[in-house]
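Enquirer: Numbered by this note's numbering, the letters in the sequence shown go through residues 1 to 371 in order.
Worth double-checking, as some hints may not be accurate.
Unchecked claim - Pairs of lysine-lysine, DSSO-like flavour, derived with a Cα cap of 30 Å:
{"id": "1", "residue 1": "145", "residue 2": "89"}
{"id": "2", "residue 1": "336", "residue 2": "250"}
{"id": "3", "residue 1": "56", "residue 2": "179"}
{"id": "4", "residue 1": "285", "residue 2": "250"}
{"id": "5", "residue 1": "179", "residue 2": "371"}
{"id": "6", "residue 1": "285", "residue 2": "336"}
{"id": "7", "residue 1": "161", "residue 2": "148"}
{"id": "8", "residue 1": "52", "residue 2": "89"}
{"id": "9", "residue 1": "305", "residue 2": "332"}
As the list claims (entries may be wrong) - Computed spacing ranges between beta-carbons, pair by pair:
{"id": "10", "residue 1": "262", "residue 2": "237", "range": "26 to 32 Å"}
{"id": "11", "residue 1": "59", "residue 2": "214", "range": "41 to 47 Å"}
{"id": "12", "residue 1": "253", "residue 2": "41", "range": "43 to 49 Å"}
{"id": "13", "residue 1": "287", "residue 2": "153", "range": "48 to 54 Å"}
{"id": "14", "residue 1": "279", "residue 2": "23", "range": "54 to 60 Å"}
{"id": "15", "residue 1": "41", "residue 2": "237", "range": "27 to 33 Å"}
Simulated from the structure, these hints should not be mistaken for lab results. Because the structure is a prediction, the values reported are computed rather than measured. Using N, Cα and C, we set each Cβ at its ideal position, and we do this for glycine too.
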Amino acid sequence: PNNTTVYNHYVSHQFKVNYSVASLKTAAAFLNQPEVTNLIKYDVSVFTVVYKTMFKGSMINCSGLVFLPANPPAPSPLVSIQHGTTFVKTDVPSVTTSPTGGELVASMGFVAIMPDFIGYGASSTVFHPYYDAQYSGTSIVDMIKAVKEMSTKLNVPINDKLFLTGYSEGGYVTLAAAKEIQDNPSHKLNLTAASAGAGAYDLPSFLTYLTNTNYFSYPAYLAFIVASYKNTYDWTQGYDYFFNSKYAQKIPDLLNGLNDGSAINAQLTTNPDSLFNPVFYNGMKNKTEVIFYDALVKNDLSSWKPMFPLRLYHGTEDEIIPIQNSTITYQKFIEKGSPNVTFIGIPGANHGTGVLPMLQSTMQWFLELTK
1 PNNTTVYNHY
11 VSHQFKVNYS
21 VASLKTAAAF
31 LNQPEVTNLI
41 KYDVSVFTVV
51 YKTMFKGSMI
61 NCSGLVFLPA
71 NPPAPSPLVS
81 IQHGTTFVKT
91 DVPSVTTSPT
101 GGELVASMGF
111 VAIMPDFIGY
121 GASSTVFHPY
131 YDAQYSGTSI
141 VDMIKAVKEM
151 STKLNVPIND
161 KLFLTGYSEG
171 GYVTLAAAKE
181 IQDNPSHKLN
191 LTAASAGAGA
201 YDLPSFLTYL
211 TNTNYFSYPA
221 YLAFIVASYK
231 NTYDWTQGYD
241 YFFNSKYAQK
251 IPDLLNGLND
261 GSAINAQLTT
271 NPDSLFNPVF
281 YNGMKNKTEV
291 IFYDALVKND
301 LSSWKPMFPL
311 RLYHGTEDEI
321 IPIQNSTITY
331 QKFIEKGSPN
341 VTFIGIPGAN
351 HGTGVLPMLQ
361 STMQWFLELT
371 K
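Work out the full structure, taking the sequences as your base and the hints as a guide.
Expert: If you want it as structure tokens, here you go:
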């Protein structure tokens with residue numbers, strides 16, 4: 001191809017590391033995943049990629065990882081894997097020094113991508129738009145397009161099969177990206193299937209749950225979602241409008257990207273009644289607090305009709321995102337007439353232990369659909 005190719009999304013890429021089949025088989029054995037070990041076929045090369053996406057009216061650079069299988073016999077399907085909630089800026093795919101799991105997926109024959117999300121990696125100066133449907137969706141779609149441009153540049157053939165999966169926040173982001181692809185044919189992407197685990201898709205019902213409990217084990221998530229909306233939508237209210245003054249002043253420092261979830265939790269309270277400003281909390285309870293409630297309704301992902309094969313997974317003992325959030329969402333999809341949605345409970349799994357069984361089951365399913 002001539003050198004005048006215009007890349008609409010792709011900016012640059014950089015080689016990171018190679019994995020051999022032998023080392024990947026060792027890793028899978030170490031994870032005690034014999035089913036996965038048997039699926040490992042290809043050496044894998046890993047790259048960081050920088051791409052462009054729109055945020056608050058401006059084009060910004062975003063980043064993620066791309067995992068390429070070595071010399072597959074035919075063009076590869078593409079899978080985008082969305083990570084869970086990340087408080088520490090350096091814990092995202094393109095920055096972390098730990099293996100991410102994407103290398104195992106690519107070794108099965110997929111071109112696998114793991115977006116960092118807006119607010120991390122190349123865009124780490126921005127406050128992450130946590131549980132924002134629009135930016136969650138478009139930033140993933142733009143990375144998919146960028147990787148397709150990159151693959152043309154590197155002569156890596158990709159076929160037209162496209163899969164999305166993610167867990168926790170990644171489950172929410174997966175549904176947001178799936179909706180963006182389905183709603184906007186101009187993207188020229190067709191989703192083969194999606195699989196989402198343990199996300200809070202029905203945000204209004206999550207709020208109802210929250211205002212009817214005196215114990216929530218992970219208050220860092222609550223601080224993150226309020227701070228995200230405040231930053232993303234330029235709300236002028238101070239943190240003391242939302243939070244009890246004892247906690248309000250701490251929140252900007254707690255969410256500076258250096259503290260992990262448990263460090264943030266230790267500085268907050270597990271009682272929502274004490275965490276939030278009483279006026280704000282009562283307003284949420286009786287739905288008179290419109291600013292925050294309207295933002296939740298706007299970012300709700302339970303009220304549309306997915307037209308592609310979709311699986312919703314959730315651990316039966318999830319202590320952070322109640323399993324009802326997935327069952328309600330599933331029910332709503334069925335009532336809308338979604339033709340191919342399945343709900344799968346993971347027996348005995350909590351929020352932490354649900355992720356491996358979900359991804360293992362998902363990859364088996366995706367492999368069947370590539371045939």
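Enquirer: With reference to the structure, classify each hint as holding or not holding.
Expert: Here is how each hint holds up against the structure:
1. Note on residue 145 and residue 89: the hinted pairing holds, with a Cα-Cα distance of about 24 Å set against a maximum of 30 Å.
2. A C-alpha spacing of about 43 Å is found between residue 336 and residue 250, which places the hinted pair above 30 Å, so the restraint is violated.
3. As the CA atoms of residue 56 and residue 179 are separated by approximately 20 Å, the hinted pair is consistent with the 30 Å bound.
4. Only pairs whose Cα atoms come within 30 Å are accepted, and residue 285 paired with residue 250 is accepted, the gap being roughly 24 Å.
5. About 25 Å separates the Cα atoms of residue 179 and residue 371, which keeps this hinted pair within 30 Å; it holds.
6. Between residue 285 and residue 336, the direct Cα distance comes to roughly 28 Å. Compliance with the 30 Å bound is thereby established for this hinted pair.
7. Proximity of residue 161 to residue 148 is assessed by CA-CA distance (about 12 Å); at most 30 Å being required, the pair is judged to hold.
8. The straight-line distance between the Cα atoms of residue 52 and residue 89 is roughly 19 Å, inside the 30 Å bound, and the hint therefore holds.
9. Between the alpha carbons of residue 305 and residue 332 the distance comes to roughly 9 Å, so the proposed pair stays at or under 30 Å and holds.
10. Our hint of 26 to 32 Å for residue 262 and residue 237 holds, since their Cβ atoms are close to 28 Å apart.
11. Take residue 59 and residue 214: their Cβ atoms lie about 45 Å apart, and the range 41 to 47 Å holds.
12. Distance hint check for residue 253 and residue 41: the Cβ-Cβ separation is about 47 Å, which falls inside the suggested range of 43 to 49 Å.
13. One distance hint, 48 to 54 Å for the beta-carbon pair residue 287 and residue 153, holds here, with the actual separation near 51 Å.
14. Between residue 279 and residue 23 the beta carbon distance is about 56 Å. The supplied range of 54 to 60 Å therefore holds.
15. Distance hint check: the CB atoms of residue 41 and residue 237 are about 54 Å apart, inconsistent with the given range 27 to 33 Å.
The structure fails hints 2, 15 (numbered hints given earlier, in ascending order).
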